[in-house]
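Participant: Note that our numbering has the sequence shown beginning at 138, numbered continuously upward.
Hints may be right or wrong, so weigh each one.
Taking lysine to any residue pairs in the SDA-like style, the calculated list, with each CA pair at most 25 Å apart, reads [stated by the list, open to error]:
# : residue 1 : residue 2
1 : K333      : T172
2 : K188      : A233
3 : K249      : S190
4 : K188      : Q244
5 : K251      : G176
6 : K249      : L222
7 : K249      : Q150
8 : K315      : L332
Here are the in silico distance ranges between beta carbons for each label pair [stated by the list, open to error]:
#  : residue 1 : residue 2 : range
9  : E236      : L322      : 15 to 21 Å
10 : E177      : L222      : 44 to 50 Å
11 : E149      : E228      : 20 to 26 Å
12 : K333      : T161      : 40 to 46 Å
13 : E236      : Q150      : 36 to 42 Å
14 : Q243      : E324      : 45 to 51 Å
15 : G320      : K234      : 53 to 59 Å
16 : K188      : I258      : 27 to 33 Å
17 : Y231      : N325      : 51 to 57 Å
18 : I258      : G320      : 31 to 37 Å
Because the hints were derived from the structure by calculation, they are not lab data. What you are looking at is a predicted structure, and each value in this text was computed from that prediction instead of being measured. The beta carbon of each residue, even a glycine, is placed where N, CA and C say it ideally should be.
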Amino acid sequence: MTEMSIKETSQEQIWLLHVDGSSTTQGSGAGIVITTPQGEDLEFAIKFGFKASNNEAEYEALVIGMRMAHETGARRLLAYSDSQLIVKQVEGAYEAKEENMIQYLQQITDLKAKFHHFQIIQIPREENAKADSLSKLASSLEDCRTRHITMHYLPEARTPLAVQPITTGEDWRTPIIKWIDEGLLPENRWEAARLKTRAARFIMHVSFIRNLTHTPAPVSVHGGRISYSTRNIVDAVEPT
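Whole structure, please, built from the sequences with the hints as guidance.
Facilitator: Quick look at the structure:
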């Protein structure tokens, strides 16, 4: 199997996209969960720097989610939203009358053409919990700065807080870092080709997310060290 056929096989598998938009008095935002064919969830909370109604936030979430999924490598996509209006308008069952809704639909039509297969499905809100939580988190933030939020688990109340930080050692990013920094590849040529494909897609994905959110190159901690320059790829999510 060649490097190109590995990439094509991955692209033809089904990817899942869960989206939700939120508009509150504090602001508006989107929650996006992209699920790879291998079952890995890529989660994003995006704060809007502009006012948006609930319907506009839902449409923004879908447009951004479709763009992210395509740039990450998806070519067959199932999208899920709990907004009946958005799903029915995208399907063509409901007519969009407002000019901004018509413009959103045109963007989605253009994006659909980039996929080999696209389908949108309405689901109950309780089945869209991840995207819903992310959209509410994004809309509640006071500003649009990119931030890293550390989450801890407190098992019991009224006990001394004993929080263990999440540590990272070698993981899926390690081979990519070694290849970029040191030129090291697996001895098996198929594994080497697969690594190159994943690294290329990963760098493209990170570049897309950075351009989308207008953020500078991230600084992160990986394996107990501060990572800069080419190693800033460790701060992002895993591609397939």
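Participant: With reference to the structure, classify each hint as holding or not holding.
Facilitator: For each hint, the structure was consulted:
Taken as a hint, the K333 and T172 pair is honoured in the structure, with Cα atoms around 21 Å apart against an allowance of 25 Å. Distance check on the hinted pair: K188 and A233 sit about 20 Å apart at the alpha-carbon level, within 25 Å; holds. In summary, the hint linking K249 to S190 is supported, as the alpha carbons are separated by about 24 Å, within the 25 Å threshold. For a cut-off of 25 Å, the pair hint linking K188 to Q244 stands: about 19 Å separates their Cα positions.
Simply put, K251 and G176 have alpha-carbon atoms about 23 Å apart, close enough for the 25 Å limit, and the pair holds. Of the pairs offered as hints, the one joining K249 and L222 holds, with about 18 Å between alpha carbons and a cut-off of 25 Å not exceeded. Using a Cα cut-off of 25 Å, the hinted pair K249 and Q150 holds, with the two alpha carbons roughly 16 Å apart. The suggested pairing of K315 with L332 holds, with an alpha-carbon distance near 11 Å, which does not exceed 25 Å.
For E236 and L322, the hinted distance range of 15 to 21 Å is not satisfied, since their beta carbons lie about 53 Å from each other. Judged by the Cβ atoms, the range 44 to 50 Å given for E177 and L222 is violated: they are separated by roughly 30 Å. Separation of E149 from E228 is about 24 Å and conforms to the stated range, judged on CB atoms against 20 to 26 Å. Roughly 44 Å separates the CB atoms of K333 and T161, a value that falls within the hinted 40 to 46 Å.
About 37 Å separates the C-beta atoms of E236 and Q150, a value consistent with the hinted range of 36 to 42 Å. At about 50 Å, the CB distance of Q243 to E324 agrees with the hint of 45 to 51 Å. Between G320 and K234 the beta carbon distance is about 58 Å. The supplied range of 53 to 59 Å therefore holds. Separated by about 29 Å at the C-beta atoms, K188 and I258 satisfy the suggested range of 27 to 33 Å.
Hint check: Y231 to N325, Cβ distance near 52 Å, so the stated range 51 to 57 Å holds. The given range of 31 to 37 Å is broken by I258 and G320, whose C-beta atoms sit roughly 45 Å from each other.
In summary, the numbered hints that this structure violates are 9, 10, 18.
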